[in-house]
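Given only the sequences and the hints, what does the whole structure look like? Please build it.
Each chain, letter by letter, is given below.
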Amino acid sequence: MKVLAAVKRVVDYNVRVRVRADGSGVDTANTRMAMNPFDETAIEEAVRLREAGTASEVVAVTVGDAGSEEVLRTALAFGADRALRVESDAPLEPLAVSKALAAVADREQPDLVLMGKQAIDDDSNQVGQMLACHLGWAQATFACAVTPADDELHVVREVDGGQRTVAVALPAVVTTELELNEPRYIKLPSIMKAKKQAIERLGLAEIAVDGSPRLELLGVSEPPPREAGEQVDSAAALVDRLKNEAQVI
Amino acid sequence: MTTYRAPTRDLRFVIEELIGLERLAGLADLEAVTPELLEAVLAEAGRLADEVWAPLNVTGDQQGCSLTDGAVALPEGFADAYRAFVEGGWNGINAPPEHGGQGLPAVVASATQEMWHGANMALALAPMLSAGATTLLQRHGDASLRERFLGKLVSGEWTGTMDLSEPQAGSDLGQVACRAVPDGDAYRLHGEKIYITWGEHEAAENIIHLVLARTPDAPAGHRGISLFLVPKYLVEADGSLGARNDVHCTALEDKLGIHGSPTCTIAYGDREGAVGYLVGEAHRGLKYMFTMMNEARHKVGLQGVGVAERAYQQAVAFARERIQGRRPGGEAAVPILHHPDVRRMLMTMRAQTEAMRALALLAAAEMDVAEHSPDETARAAAQRRVDLLTPVVKAVATDQAVETASLGIQVHGGMGYVEELGVPQLLRDVRIAPIYEGTNGIQAQDFTLRKVLKDGGETLEGVLAEADGVVEALRADSALAGLGDGLAEALAALRGSTQRLLRDGADDALVPLTAATPYLAQAGLVLGGWLMGRAALVARQQGDAGSGDTAFYTAKLHTARFYMRHVLPRAHGYTPAIRGGSDELEAIDDEHW
Chain A
1 MKVLAAVKRV VDYNVRVRVR ADGSGVDTAN TRMAMNPFDE TAIEEAVRLR
51 EAGTASEVVA VTVGDAGSEE VLRTALAFGA DRALRVESDA PLEPLAVSKA
101 LAAVADREQP DLVLMGKQAI DDDSNQVGQM LACHLGWAQA TFACAVTPAD
151 DELHVVREVD GGQRTVAVAL PAVVTTELEL NEPRYIKLPS IMKAKKQAIE
201 RLGLAEIAVD GSPRLELLGV SEPPPREAGE QVDSAAALVD RLKNEAQVI
Chain B
250 MTTYRAPTRD LRFVIEELIG LERLAGLADL EAVTPELLEA VLAEAGRLAD
300 EVWAPLNVTG DQQGCSLTDG AVALPEGFAD AYRAFVEGGW NGINAPPEHG
350 GQGLPAVVAS ATQEMWHGAN MALALAPMLS AGATTLLQRH GDASLRERFL
400 GKLVSGEWTG TMDLSEPQAG SDLGQVACRA VPDGDAYRLH GEKIYITWGE
450 HEAAENIIHL VLARTPDAPA GHRGISLFLV PKYLVEADGS LGARNDVHCT
500 ALEDKLGIHG SPTCTIAYGD REGAVGYLVG EAHRGLKYMF TMMNEARHKV
550 GLQGVGVAER AYQQAVAFAR ERIQGRRPGG EAAVPILHHP DVRRMLMTMR
600 AQTEAMRALA LLAAAEMDVA EHSPDETARA AAQRRVDLLT PVVKAVATDQ
650 AVETASLGIQ VHGGMGYVEE LGVPQLLRDV RIAPIYEGTN GIQAQDFTLR
700 KVLKDGGETL EGVLAEADGV VEALRADSAL AGLGDGLAEA LAALRGSTQR
750 LLRDGADDAL VPLTAATPYL AQAGLVLGGW LMGRAALVAR QQGDAGSGDT
800 AFYTAKLHTA RFYMRHVLPR AHGYTPAIRG GSDELEAIDD EHW
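Residue numbers (our numbering), protein chains in the order written: chain A, 1 to 249; chain B, 250 to 842.
For the record, the hints were derived by calculation from the structure and aren't laboratory data.
Glycine is no exception: its CB is placed at the ideal position from the N, C-alpha and C atoms.
So the derived list for chain A, only partly shown, Cβ under 7 angstroms to chain B, looks like this:
(1) N30
(2) L188
(3) I191
Simulated restraints, written as ranges between beta carbons of each label pair:
(4) A:A149 - B:P284: 42 to 52 angstroms
(5) B:G574 - A:P223: 27 to 37 angstroms
(6) A:G23 - B:Q311: 47 to 57 angstroms
(7) A:L170 - B:R493: 46 to 56 angstroms
Some but not every residue of chain A turned toward chain B, in silico, with C-beta under 10 angstroms:
(8) T31
(9) R32
(10) E69
(11) R73
(12) T74
(13) A77
(14) Y185
(15) I186
(16) K187
(17) A194
(18) K195
Have a look at this one:
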């Protein structure tokens, strides 16, 4: 089995993001960046499948600018065999990203695409689903356990109110939850080795993907600050306020 | 509830912006370091330190080690945490690739070492002592010893110890009495060593002791001491482990701190004699030992920085949460972080720690140049700086760490004196750092006599001339001019002290010996001022350039200002003691003490 693992570079989850003064987006200049945590579980799962002998090759792919190769290095240090970047200096919308990944899947012919269920920057949760649609493959989203079984995969999915196990025929797209696994501690020799590995590059034009935006961004703003709470004297007063003022009971 | 997060941002700042990666470019046999590689290495080391090592710190303190039938039981989790470190390849971070290391510069290795110590000082002592043994073997062992022992020491699968002290031979190693009797190709050792850090444990398959001992024909004193490699398990020609050697742990010390680190009394040759192999030539053991003293002492300094960082983080976390008292004019109770005297304590902790981190990493970068520069003159100049800065890093960083850990307790108030939050542990742990690897009194003598007076103050003056450049640059910036004036005054004070010691020390050997400790303290504050001055300049530039990381640079600028205005002036307070002479100390009769 060949696995394609898609990873994205995002603002590190520890960083408190700031909105640019002109409201045009989040300020990412000189901000600490890292691999999207959901994608870490995807690459970890891919490498585990190879270590278990289920997968024969793991190819990490990202779509982004030169700086995003940093997360490909991380993917290589996790244990990916090869890494590939679809070049795009401007951030792409989920539709364009899914088309670019579909083009890469056409070239690489993987049996399985693993990716985070969403990226923590825009929380779109769309690319995996769109990708499966472009490819006409089965999909299993929100995976918290993946078990190979003959020619299919059994995937435990997080759903409202519990878990659902589905069987998907390969090839398939699986998007991952944080519960899927605990990403490994990367070893220093792996970091050093990844530094020397080549990264393949593909232009958007080469794969005939139109990266132009389809959405118009009207503005980005901070959520309104939370107002201070208030203490009431008694349970009766609380019930009264909830009933008559907040009108929630 | 103790917290530690590896200070990767400040470590990168020092390496990239204060030292500059270009300083490491072109050094032979070292891996090239890019900002991306540095970030990846520090982030991953930091993750292991924060998530695996740091939570065990309190466990180590509470459980300690125990000895049963010669076997040492470590605190829960220590062996696994050590193995995770070894499997991660961190032990060989700056060992040469031909021995299985990663060949990264000492400055990068030092940054990770600070994290290990900050996360768990007692555990970090295991690789720290191994590193000393590894270096000795690498430099002085013959091919057959290196072949058999070096690979597994570099990987960390085996740990190493440094066996110097005996009950009568502490700072004066000329008194070493342990005997080594020739026996075929090897020797048989008999004797007892004390204070052997990580001398016995089962976290690694084998322990390689590097032991100072005397051969039967050896002259008395320093010149008769040889260095031997004594494995816990003998190693067969094919590398497999053989018989248990006659090396046994007979006691564990009950210590003030670092309870998770087994401090052993080791008996050699109680039965048939411990098999040992001569390292290098006979009678040169002490000389060999001193070739690695710089590294060992430098690592103790980093240990101080690591624990001080943790004390600071813990104190800030507490000060944010603890609501007590009002600000002048305020009505509501505030977190104690908002009280001026608490802020002063926290900033003192932070400023000292950042200054010593910068100095320790700068010294490590000089080690890289001294060892790997293709240019012989550059190597020699860097080595002189390493020699000069090592006692400063060792003594000043550890003395300040003790003060910082103590201030950490003070910030916590009563909660700092009780054990519940894990605050006193940091002070108890770090209190050893001014003592071992040469007491800070010995560092002060080394600095004053051998590193400054011996070359007429030339090497020191070379560094101070660079600091003059920082003064000029600070004065050229109207917002920082006052800091430049403060640094200039401190530099003048240190130069005055040096001149005075050069003049008076020539006639009276007691003058520099009495002045050594205050003189070293003064020098440490001034060298810290030099680097915090540079940090202020970088922070200003980055602020002007509208760099995205404004929070970091703004805080750095405030910290640098505080250092220059509140910490650096302490340097002047040492001047009277440096110049005061030793009359009364010498005059008082022994029976009047």
